Amino acid sequence: MLPPAGPAAELLRSENGLAAIGRAVRSVGEFLRSSRYGAIGLGILAVYAVIALFGSFLTPYSPTQIFGGHALAPPGPIFKFGTDQNGMDILSRTIAAARVDMGVATASEAISVVLGVGLGLLTGFRRGWIDLVILRAMDVLQAFPVLVLAIAIVAATQQSISTAIFVIAFVDIPVYTRLIRGEVLLIRESTYIMAAIAVGNPLPRLLARHVLPNAVPPVVTQVAIRYAYAIKLIAALAFVGVGIHVPTPEWGSMIRTGTPSIISGLWWPTVFPGVAVGVLILGLNLLADGLQQYWDPKSHRD
Amino acid sequence: MPQTTLEVIDLVKQFPGPNRGDIVHALNGVSLRIEAGTTLGVVGESGSGKSTLGRCVLRLYEPTSGRVLLDSEDVTAMAEGRLRSHRARMQMVFQDPYASANPRMRIGEIVEEPLILHTVLDRPHRVARVIELLRQVGLQPEHALRHPHQLSGGQLQRVGIARAIATDPALIVLDEPTSSLDVSVRAEILALLRRLQSDLGTAYLFVSHDLDTVRATCDRVAVMYLGRIVESGTPNDLFRDPQHPYTQILLSATLAPRPDDRRPRLRARAGAADNLYLPPGCPFAPRCPLAREECTVDVPAFRQRTASHAAACVRMDDGTAAVAAIREPDNLGLTR
Amino acid sequence: MVSNNTGTRSRTVTETLLEVRELRAHTTSASPLELLNGVSFSVARGEICGLIGETGSGKSLTAWSVLGLLPRTVRVSAGSIRFDAIDLLRADAAVLEKLRGNRVGMVVQNPQGSLDPMRSIGAQLANMVRVHRGGSRHEADERARSVLAAVGLPTRVFDSYPHQLSGGMAQRAVIAISLINGPQLLIADEPTTGLDVTVQAEVLDLLREAVRETGTSVLLITHDLGIVAHFCDRVAVMYAGKVVEETAARTLFDRPEHPYTRALIAAAQGEAGQQRSLGVPAPADRDWESHCEYSSRCPFAADICQTRPPLDTIGPAHTVLCHRPWRADAADDA
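Protein chains in written order, with my numbering: chain A, 69 to 370; chain B, 17 to 352; chain C, 409 to 742.
Mixed in with the good hints, there may be bad ones.
[As the list claims (entries may be wrong)] Partial chain C-side listing against chain B, Cβ under 10 Å, derived:
1) Gly446
2) Gly521
3) Pro525
4) Met526
5) Pro562
6) Ser574
7) Gly575
8) Asp604
9) Thr606
10) Ile635
11) His638
12) Ala657
13) Asp662
14) Gln677
[To be verified] Stretch-level coverage of chain B by chain C, calculated; a stretch enters the list once three of its residues show a Cβ under 8 Å from a Cβ in chain C:
15) 117-129
16) 187-200
Treat the hints as calculated values from the structure; they're not laboratory data.
On a predicted model such as this, the values are computed, not experimentally measured, just so you know.
Each residue gets a CB set at the ideal place from its N, CA and C atoms; glycine is no exception.
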């Protein structure tokens with residue numbers, strides 16, 4: 069029984085990996101066309117990603133190099149963004165900080181998404197005592213003021229970047245758990261889930277093929293938003309001396325160390341890293357908006 | 017000798033009610049039988065339990081007690097693994113085609129899924145079968161690439177039917193398959209279902225609230241009220257010679273699209289059908305205009321009117337099971 | 409003066425209560441789509457007129473536009489709606505407000521949706537009275553109670569809240585609210601869809617009684633031909649944004665003229681039609697000026713159907729929008 073050409077062949081082709089990649093690329097293109105803000109957001113994120121990855125080739129000087137005698141130099145031909153009170157080039161530090169900040173944020177979001185989605189699926193689908201225990205644990209996590217939690221963990225462990233990663237991850241796990249749980253609770257009442265069960269789906273496949281794809285879109289948009297919070301949180305943590313400290317360049321600590329100088333009218337140590345953070349967060353939020361719009365299945369133009 | 021595809025024995029289903037300790041008695045002992053290649057219509061209003069019946073038969077809801085036999089195998093006693101693979105033999109078509117289709121799946125994937133789950137066909141063969149199924153239900157192969165929201169209600173319901181027949185099941189439960197569809201599309205879908213039944217020999221359990229739809233499509237009809245079957249027979253039996261007072265009232269209220277088909281209006285006594293607090297005796301007794309004292313004591317047994325036609329009403333014994341037509345209502349007292 | 413059921417008399421001006429002429433409505437988007445392509449029909453005093461059509465025909469939009477209650481995304485672009493002597497499309501908001509709930513009542517499909525969940529039924533009824541008729545609270549309450557009884561609701565409903573009522577009772581409450589000020593016209597948009605058959609019968613009985621007693625006209629939007637057969641005096645059949653046939657209900661079933669009407673009735677009576685199931689043309693693709701929109705589905709389509717279909721008067725008060733209505737062809741096709 070040979071399959072006829074045409075749509076059948078198309079369907080067949082759509083299974084293999086290359087076609088999947090092709091489809092993904094086309095989806096991105098479609099997304100870019102569908103939302104101008106989303107496209108801008110994605111563009112901004114792409115630029116930042118490039119900077120984070122290839123920053124070391126872009127910095128004019130080493131980010132930790134101290135230029136004695138040039139402390140707090142205003143922006144000029146030698147130091148495009150000026151220098152901070154230690155004499156380190158702000159432009160280089162701002163660029164290099166991208167890798168640090170985005171690295172931590174990405175790592176922590178990845179952890180919390182995986183754990184949060186997993187827990188959310190569990191509590192959404194299997195009710196009972198597991199549900200209760202996990203939810204209360206989430207409550208506890210969310211009840212802690214983040215900075216206090218961070219300091220407590222730091223006091224108990226080594227002060228390091230991974231501490232910051234885990235702290236931020238912990239903070240966000242309850243968010244994703246509840247989000248997915250809410251979606252799953254809604255979805256499991258759907259008729260199409262009953263139809264999927266009637267057709268004979270076992271639970272794992274039901275979750276993977278029917279529940280998750282419909283529960284995930286709100287999560288992805290939430291990721292974009294939480295990423296922004298993560299960046300702010302890294303900065304806040306650095307602000308209280310947790311996670312990252314001098315001389316590692318990090319936007320938050322740069323802002324912190326530069327703040328005392330503002331009063332004297334020395335704006336560049338704080339403004340440049342501040343703008344860097346701000347633009348990234350703006351881009352992320354634009355991307356989140358665009359994704360939310362794009363993922364409404366009713367707006368598909370095939 | 018026609019073989020019995022489905023046999024339901026004394027099916028009971030209870031749900032927890034809104035308040036603690038409340039029990040919703042959705043099904044209160046339903047028994048029925050469907051022969052291979054025939055259609056049994058189950059008719060009732062809200063609260064009758066007809067949808068619950070369909071779902072319990074497929075074990076989408078777990079019955080509280082009773083048995084369901086599909087081709088003589090006890091579905092209610094099956095373990096989960098066995099049940100899942102057995103689902104290839106019993107499928108469902110849902111009322112709202114848009115709600116019962118995963119909005120993120122393409123049509124081809126939706127129809128392919130039962131094949132993935134229940135057959136050992138490889139991809140090319142599955143795809144070929146999907147195309148063939150789509151053609152069988154009157155769709156074009158191009159539709160396989162679309163998403164549910166891009167199809168009309170009628171087209172999407174055909175997809176639901178294609179999905180249901182994919183594994184050539186012995187039984188299909190149709191839960192109000194045409195109620196959400198436009199009038200002009202209904203007839204086509206019903207014709208399609210009839211044709212498929214004669215081609216494939218599938219038994220249908222056709223749940224509906226509309227007696228007219230059921231009249232044309234079903235070989236036998238059962239009327240349900242508050243979780244029980246109150247009357248069953250051929251459509252002719254029920255339409256020409258309804259025995260149970262509820263059937264008569266239901267018939268009189270059904271508006272046929274024929275101005276000449278004027279039925280005298282018969283009315284039930286006021287009150288709502290409430291399956292939280294089930295009264296003893298006949299479920300219809302509180303609203304029945306012919307109720308007698310004995311009606312509230314025991315649930316009436318079925319009495320055969322003819323070989324094919326039975327109803328559960330004590331008044332059949334003395335032949336007084338006819339509900340009188342009401343007069344035209346009086347002045348309502350509305351003024352400008 | 410109540411018109412009788414046959415609709416064989418042509419109507420004079422004083423008998424017409426509502427007249428819709430060439431009503432057109434567009435979406436307000438950048439590239440506007442025409443949703444109503446010139447709808448014309450009329451409702452006489454004391455008459456129950458059914459507006460029947462399928463999804464996409466524009467029947468609900470037509471009903472909403474009478475009271476100026478179109479959604480923000482749709483706007484009337486041409487045509488006229490005359491209620492009594494008033495041009496509703498050119499009337500200002502104050503005039504429309506005084507009409508709504510007073511001389512024109514409305515009942516929609518989902519009763520719970522049109523009831524204020526925070527107020528008791530009695531309060532909502534009394535409010536209707538006082539807003540339009542004034543009077544003391546006591547008088548309004550009395551009127552409310554009597555109307556509740558008239559629609560067959562028990563007295564306790566006066567103090568009940570919407571969520572405490574079943575679907576059928578809620579719909580009766582909505583009808584009570586719409587009738588309490590004795591309107592001349594009641595617009596009912598699928599008032600019984602979703603209700604049980606026996607409940608539907610009682611709601612329709614109620615409406616019919618109210619109509620008979622007060623001479624209220626009803627514009628009933630529905631897709632159910634059973635309701636049309638047993639409840640309506642006249643019917644207008646809508647397809648793709650236009651009325652394709654308008655006549656007495658009896659005549660519609662006895663002598664349907666438009667192929668779409670014939671197909672609809674055949675389908676409702678259980679016979680699968682010969683038409684392909686293509687669905688109603690989307691607003692973006694319609695052009696009634698250049699051809700008949702039904703021709704692509706019509707088993708009787710001919711070349712002439714690729715021109716603008718004429719509005720023919722087939723019989724007294726029976727109009728059809730078709731090049732080849734049934735009776736005209738009976739001689740040819742026999």
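Hints, one by one, checked against the model:
1. Gly446: At 22 Å from the nearest chain B Cβ, Gly446 (chain C) fails the 10 Å test, so the hint is violated.
2. Gly521: Violated, about 18 Å.
3. Pro525: At about 18 Å, which exceeds the 10 Å cut-off, the nearest Cβ of chain B leaves the hint on Pro525 (chain C) violated.
4. Met526: With a closest approach of 21 Å, the Met526 (chain C) hint is violated.
5. Pro562: holds, 8 Å
6. Ser574: With Cβ-Cβ at 6 Å, under 10 Å, it holds.
7. Gly575: holds, 8 Å
8. Asp604: It holds, given that the least Cβ distance between Asp604 (chain C) and chain B is near 4 Å, below 10 Å.
9. Thr606: holds, 4 Å
10. Ile635: holds, 6 Å
11. His638: Holds, because the Cβ-Cβ distance from His638 (chain C) to chain B comes to roughly 5 Å (cut-off 10 Å).
12. Ala657: holds, 7 Å
13. Asp662: The hint holds - Asp662 (chain C) has a Cβ within 10 Å of chain B, the shortest such distance being about 8 Å.
14. Gln677: Because about 6 Å separates Gln677 (chain C) from the closest Cβ in chain B, which is inside the 10 Å limit, the hint holds.
15. 117-129: Coverage by chain C is violated here, the residue count being 0 at a Cβ distance below 8 Å.
16. 187-200: Result for this restraint: holds, n = 3.
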